[in-house]
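Residue numbers (my numbering), protein chains in the order written: chain A, 1 to 1004; chain B, 1005 to 1472.
FYI, nobody ran anything at the bench for these hints, they're computed from the structure.
As the structure is a prediction and not an experimental result, all values here were calculated from the model.
In this text, a Cβ means the ideal position worked out from N, Cα and C, and glycines have one as well.
It is possible that part of the hints are untrue.
What the hints assert, rightly or not - Here are some of the chain B residues that sit facing chain A, going by a computed Cβ distance under 10 Å: (1) Leu1074; (2) Ser1094; (3) Ser1098; (4) Val1105; (5) Gln1196; (6) Ser1210; (7) Tyr1212; (8) Val1215; (9) Gly1220; (10) Asp1231; (11) Ala1255; (12) Tyr1272; (13) His1394; (14) Lys1448.
To be verified - Simulated pairs of lysine-lysine, PhoX-like, Cα-Cα distance not exceeding 25 Å: (15) B:Lys1247 / A:Lys603; (16) B:Lys1048 / A:Lys440; (17) B:Lys1345 / A:Lys597; (18) B:Lys1448 / B:Lys1048; (19) B:Lys1068 / B:Lys1113; (20) B:Lys1452 / A:Lys723; (21) B:Lys1469 / B:Lys1448; (22) B:Lys1048 / A:Lys38; (23) B:Lys1448 / A:Lys38; (24) A:Lys514 / A:Lys845; (25) A:Lys440 / B:Lys1345; (26) A:Lys597 / A:Lys440; (27) B:Lys1384 / B:Lys1097; (28) A:Lys651 / A:Lys669; (29) A:Lys381 / B:Lys1097; (30) A:Lys603 / B:Lys1097; (31) A:Lys600 / B:Lys1384; (32) A:Lys395 / A:Lys340; (33) A:Lys666 / A:Lys38; (34) B:Lys1097 / A:Lys600.
Listed below, chain by chain, are the residues.
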Amino acid sequence: MIPGLLLAALPLAAVTFNRDVRPVLSDNCFSCHGPDEKARMAGLRLDTRDGLLSRVKPGDPAASPLYQRISHANQAMRMPPVASARTLTPQQTGAIRQWITEGAKWETHWSYLAPVRPDPPKVKNRRWVRNPIDQFVLARLEQEGLAPSPEASRETLLRRVTLDLTGLPPAQAEMDAFLADRSADAYSKAVNRLLESPHYGEKMALHWLDLARYADSHGYHIDPHRDMWPWRDWVIQSFNRNQRFDEFVVEQVAGDLLPGATQQQKLASGFNRNHMINFEGGAIPEEYQTEYVIDRVETTSNVFLGMTMGCARCHDHKYDPISQRDFYRFFAFFNGIPEKGLDGTAGNAAPFLFLTSSGQEQEMDALRGDIKQRKEAFKEKEIAGAQAEWEKGWKEPALVTAGILAHWEFDGSLADSSGGYRHARMPGREPEFVAGVLGKSLSFGEGSFVTLGRIAVPRNGTVSMWFKHTTDKELPVLQGGGLSIRSVDVEYVPDRKLGAQLEIATAEGTWRTKDRFLFNQWVHLVWHTGSLHIDGKPAPLVRTGGGRAVDGPVEVRGFRGQMDDVRLYGRALAAEEIDALAALHPAGNVIGIESAKRSKEDKDRLRAYFLARAAPAAMRGQHAEIERLDARLFHLEHLIPSTMVMQEMEKPRDTFILGRGDYRNKGEKVTPAVPAALPPLPGGAPANRLGLARWLVSPDHPLTARVTVNRFWQNFFGVGLVKTSEDFGSQGEAPSNQALLDWLASELVASGWDVKAMQRLIVMSAAYRQSSRVSPALLERDPENRLLARGPRFRLQAELVRDAALAASGLLSQDVGGRSVLPYQPPGLWEEMAFGGTFSMQAYKLSEGRDLYRRSMYTFWKRTVPPAQMAAFDAPDREKCTSRRPVTNTPLQALIQMNDPTYVEAARELAARTIRTAGPDPARRLQWSFRQVVGRAPDAAELEVLRESVDRQMAIYRADPASAAKLIAVGSSKPDAAMAPAELAAWTTVASMILQLDEAITKE
Amino acid sequence: MESSLHLTRRQLFARTTLGLGTAALGELLGASSQGAPHFAPRAKRVIFLHQSGGPSQLDLFDPKPGLRKLFGSELPDSIRRGQRITGMTSGQKSLPVAPSVFEFKQHGKSGQWLSELLPYTARQADRIAIVRSIHTDAINHDPAITFIHSGSQQPGRPSLGSWVSYGLGSENQNLPAFVVLLSLSNTPNNDQPLFSRLWGAGFLPSSYQGVRFRAGADAVLYLHNPDGLSRETRRAMLDSVEKLNRMRSQASGDPEIETRIAQFEMAYRMQASVPELTDLSKEPASTFEMYGEDARRPGTYAANCLLARRLAERGVRFIQLYHRGWDQHGELPSHIRMQCKGTDQASAALVADLDRRGLLADTLVVWGGEFGRTVYCQGKLTETNYGRDHHPRNFAWWLAGGGIQGGQTIGETDDFSYNVTTDPVHVHDMQATILHCLGIDHTKLTYKFQGRWFRLTDVHGNLVKRLV
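All chains should be built: construct the whole structure from the sequences, respecting the hints.
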């Protein structure tokens, strides 16, 4: 069903094939009588001129087999058949009948013909016209007997255009300046100012990120982090510097292939690396490498061509002239990337680019070469041989038993093996033992609680233990007997993995480690009053406080993870003894295991020990040098951001047609080419991505410019001129105003692909400036505003809902770009679903300070658990290219606006700002805060409702100071201590109400 | 749950009265033109107990006593038939047969075979139908679980629950139509991760996505008023906001504002209805005897089974549980024991409890994972210890209630539980059958996206007639 049909009075004045007939045939007939050769029935196709007209007698529906069959009285004879579950409505058969009656004029599908720049049509009401857009819009309205709406109020207009061009509401000062500027070009000047704002690029990028399926995680399975934010920042900056759109396209599709490509151009090609990436254990690399390429085909064809090429993965397209062969020839453009099917365990997947400054690149290259060479020279056979020799001669190290007070080995029991009978106890549940460092270890789950013993750690005593900390929370590790060990200050360490410091308190003082240990790995600790060894090495400490008594028995309560080989000594340990506990004993333990039974962890531990400590001197030296070089490379790699890019293999992969789209069913071998139904690559153009990129933006291409201006239009009006902005094919909607679409497309090309000029053109039009107020009659007539007899009015997109609240409160950080951040989110949302382990971004660690208040487009986007506030407001999950978002209205959205600390804190800060700025008069405060949020002053009736709320809520909080104190404490920023808590609380609730208004989250 | 798209319902109804066909308007929304239910449903709602990781059919539902003799022998090529296996065992030099260490017995009047690991489920033998012959196309967790819940191995499609809530809507004005409950492993390994796409709406409007109900005070995100803001104050604030919104509605003429007012009201109602739902304090002691003491601890599988019953009582359409911990590549005997100890009683209690309350007749309960496990051992094989890799070629689910004929086992596998020998049931067939129980013809529940009419079962799926 197409709006042309819906909107026009029935019966139709005149039918046109492309608008009224083709969509009906496409949706109901093409799957059996269309482009897919294998599925074609009775040898009949209705998607071509010859095929269709063979079944039509122009002027005579009754004599036309097409009409006979669709209107047949006998259901068994009527098309489409019952089994297809498709039926034609009377309107649809009527349209086909009328089309035949009127002469059955064939038209090639509109979008495959290059647009011809139409002259703007003549209109009656010439005074309304501000630029050619208006002639096209008004001509249609006049044809429909409708009049445009009056221009929106100046407040509404400035708020609308500011939201549209920057994604932020106007500041009151900007509003005041605009209202005060009575010059004829005041609006034009405002538009120019907004186009120069750094936030313009952010707003434009916001839409692009949905298309480019941008995210900060890999998306499949374990879903750890990736770093594509440099690419995201490149997009913002490209829009801000008004890069020509054709260049913008070429650099993203093939920036790496440009002659003498700059670092920025290579970076831009990351567009085609934003797809999901997998490394699930056991997955088959070829299967996923194929999926990545398919995603590139689907995304590229959707974003630039408005085509649904993905449908031709398994068979010829059912509706559009894209054969399966076309699909795989297009696939071949993107199949030559030196990528691995399974990759991304540690951030970016190859190929990626370090965004180095000069010199660093050479150093990294040299290091890599050096390491590779040294590793090659380091023969596994020799090492294994030397290690085996050494193992034979291994002598058990001396047990460190002198002065031992207690020793819990946890090898399947809680017994104290020191001879002191201080057996541990685990009340109320069975202890669980799992593989540890030395045999088994004790596992601590939720609520596990172990009393090690009623024993004090003497002042000069020592604790030695292995532990593995498996949650991301601060936890008590060991408590009692005069000592407390806790993990504190959880933070991301390199690679976005979590770790924590240790805090140790005794009667003598409190200390913290300078460095963080990593979660989910075994750590060895030796503590002796004021001195700590981690993994056998002295760990730098900072004294952070005085001593405190930590009485009671030694307990492990609240810890989550594992512990092994816990020992208490009544004396200090010598360096050799610490070394024995941290290194010698674990190595010896592995040697004690029959080699076939050693776990990978065991083997790695032993190998590391051997190479570092026991190997022949030359081997040790080689190993140490590799370690040193590796460390330097690791340092550089974590200092310098990287971003994934496209690149061509020296010898490209062969591409085959894949039967049913399955990587295992290889058919005919194919080479890169564009779909046969579209214009060919220009003569001499290389059949590679660069050729493809230039073809996409060739001036006479029928699709790219149209698809692009349609998306711009969609951003402003909510619906594109072609509503199905992702599908300009046969199943897509015909344009509501094709002349306007074609004119805009040709204008974009003629302007030199000037993106800012196009945005300017649209917002300067009278069509855009109309009031969005709608009468019931017009709403009935045109519910989706396709005729544009009024201005757009719709809810802001997810990111802007939050940004608007932060902006009104003054909390918003206006920083542009950078690493993605982690603002407020209820605890546990990630952790309940994540794999955990030593992978990155499995746990959510709240950002701090300004990073809590960045624009929402900088929120870390984890695909398997997208940001909760964004998902509730219809943001896509960014797994696939998304061309338009739905707009739903749900109670979950209401709950966010009511209770999410983001909004409660923003309300408090808005209240505080109001109190500071507007003086003591409640009416002035209300006017100020209302205007701060919605851009206009409240009218008398609105003011009255708000006044009642102020009085009521003031009374509530004056009578209940405790509640006032709680309410204003929400959020990590501190409430203004100079303000009376009851007053601030009452005004917080009022600000919260204003932020909840429909108008607050709506562009009018 | 109520929601609105660009066109509100009011607009739709208004247009319908003007004489335009509802089908046409449905299409304008991208909605199916085929109204569901398509025939009289047997089930009004579904509780899907997904056992994430892939439970071993060989140790639970598919007894192969003959394998004891073949302990440690190589899996015959005539059985493997060159089928692909995962990268985790494809490098193993040997694929030795690992017989189950668990005993199987027949249970109930129907005499269904179940292993000693499932004593509680065994008592429900006559109520459940076991399907031993399910097979899937995927061999790894991410694609396999995505396939079960969206009909596609690759992301992007709507989930089963979102299709159902799109097709049938809600029966409760105070709770979402599609609720998701998660619980963690009973073993030391927390495998496998979950993804929100498993209950996502894909290309359906996002209001059809599942709503995660979490353990703890805020079962629904942001449910509670901030500290210091009472329910009475909230009521007064909402009343005033409504007045202001209504003024704007008058001024702008946009009917979307009325919808927003209604959504805020529903949010307010949920602030009462959800805590009432999750408050188990009024459940009698007998409930906890039935589900086990674990049901008192929020967030456990048992507590989620109990919550599932309470959600079913309140008319929630699709209740989706995910329980992790079944991915037993190693240490299978001890880990599956822990896992069954944590789930068997509650799963069985749910069936019995629904039956006791007269709800089982119109509630479909489904128990199953994304694939099964191999007969050959992964890692070291001993008399008492083994691991099993992923096995897509046959695995077992059970179903109960909602029109399912209980007390029967469908499908047989070969002597190695490696290939289906009779009555193969593809994942798409199970999806078609679940929809059938709800009165939905799986070929008619469609949605147009990117020019194509999509459905849960793609172009596949046949009703498993013997089940219903």
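To see whether the hints hold, each was checked on the structure:
Using the Cβ-Cβ criterion of 10 Å, the hint placing B:Leu1074 at the interface with chain A is not satisfied: the shortest such distance is roughly 23 Å. A hinted interface residue such as B:Ser1094 counts as satisfied when its beta carbon comes closer than 10 Å to some beta carbon of chain A; here the least separation is about 8 Å, so the hint holds. Taking 10 Å as the C-beta cut-off, the interface hint given for B:Ser1098 is violated, the closest approach to chain A being about 13 Å. Nearest Cβ of chain A to the Cβ of B:Val1105: about 20 Å, over the 10 Å cut. The hint is violated.
The closest approach between the C-beta of B:Gln1196 and any C-beta of chain A is roughly 7 Å, which is under the 10 Å cut-off, so the hint is satisfied. The beta carbon of B:Ser1210 is positioned within 10 Å of a beta carbon in chain A (closest approach about 5 Å), and the interface hint is therefore held. Hint status for B:Tyr1212 relative to chain A: holds, with the closest Cβ pair at about 9 Å, below 10 Å. A cut of 10 Å between beta carbons decides the hint on B:Val1215: the least distance to chain A is about 7 Å, and the hint holds.
Evaluation of the B:Gly1220 hint against chain A yields a held restraint, the C-beta minimum of about 8 Å falling below 10 Å. At a threshold of 10 Å, the smallest CB-CB gap from B:Asp1231 to chain A is about 4 Å, leaving the interface hint in force. Hint status for B:Ala1255: holds, given a least beta-carbon distance of 7 Å to chain A, under 10 Å. Given hint, B:Tyr1272 at the interface with chain A, holds; its Cβ is 8 Å from that chain's nearest Cβ, closer than 10 Å.
The interface hint given for B:His1394 holds, since its Cβ lies 7 Å from the closest Cβ of chain A, which is under the 10 Å cut-off. About 6 Å separates the beta-carbon of B:Lys1448 from the nearest beta-carbon of chain A, less than 10 Å, and the hint is met. For the given pair, B:Lys1247 sits about 71 Å from A:Lys603 by alpha-carbon distance, which is inconsistent with the 25 Å threshold. A hinted pair counts as satisfied when its Cα atoms are at most 25 Å apart, and B:Lys1048 with A:Lys440 does not qualify at roughly 50 Å.
A threshold of 25 Å between alpha carbons decides the hint, and for B:Lys1345 with A:Lys597 the separation of about 29 Å lies outside it, so the pair is violated. With a CA separation close to 18 Å, the supplied pair B:Lys1448 and B:Lys1048 stays within the 25 Å bound. Taking the CA atoms of B:Lys1068 and B:Lys1113, the gap is near 22 Å; set against the 25 Å cutoff, the hint holds. Distance restraint check for B:Lys1452 and A:Lys723: the Cα-Cα separation of roughly 13 Å lies within the 25 Å cut-off, and the hinted pair is therefore satisfied.
Only pairs whose Cα atoms come within 25 Å are accepted, and B:Lys1469 paired with B:Lys1448 is accepted, the gap being roughly 18 Å. The hinted pair formed by B:Lys1048 and A:Lys38 fails the criterion: a straight-line CA distance of about 40 Å is larger than 25 Å. In summary, the hint linking B:Lys1448 to A:Lys38 is supported, as the alpha carbons are separated by about 23 Å, within the 25 Å threshold. Simply put, A:Lys514 and A:Lys845 have alpha-carbon atoms about 19 Å apart, close enough for the 25 Å limit, and the pair holds.
Using a Cα cut-off of 25 Å, the hinted pair A:Lys440 and B:Lys1345 holds, with the two alpha carbons roughly 23 Å apart. Simply put, A:Lys597 and A:Lys440 have alpha-carbon atoms about 14 Å apart, close enough for the 25 Å limit, and the pair holds. A threshold of 25 Å between alpha carbons decides the hint, and for B:Lys1384 with B:Lys1097 the separation of about 12 Å falls inside it, so the pair holds. Between A:Lys651 and A:Lys669, the direct Cα distance comes to roughly 15 Å. Compliance with the 25 Å bound is thereby established for this hinted pair.
For the proposed pair A:Lys381 and B:Lys1097, the alpha carbon gap of about 21 Å is at most 25 Å, so the pair holds. Taking the CA atoms of A:Lys603 and B:Lys1097, the gap is near 20 Å; set against the 25 Å cutoff, the hint holds. Between A:Lys600 and B:Lys1384 the alpha-carbon distance is near 13 Å, which keeps this suggested pair within the 25 Å criterion. A hinted pair counts as satisfied when its Cα atoms are at most 25 Å apart, and A:Lys395 with A:Lys340 does not qualify at roughly 45 Å.
In summary, the hint linking A:Lys666 to A:Lys38 is supported, as the alpha carbons are separated by about 18 Å, within the 25 Å threshold. Taking the CA atoms of B:Lys1097 and A:Lys600, the gap is about 17 Å. The hint holds against a cut of 25 Å.
Violation of the numbered hints given earlier is confined to hints 1, 3, 4, 15, 16, 17, 22, 32; the remaining hints are satisfied by the structure.
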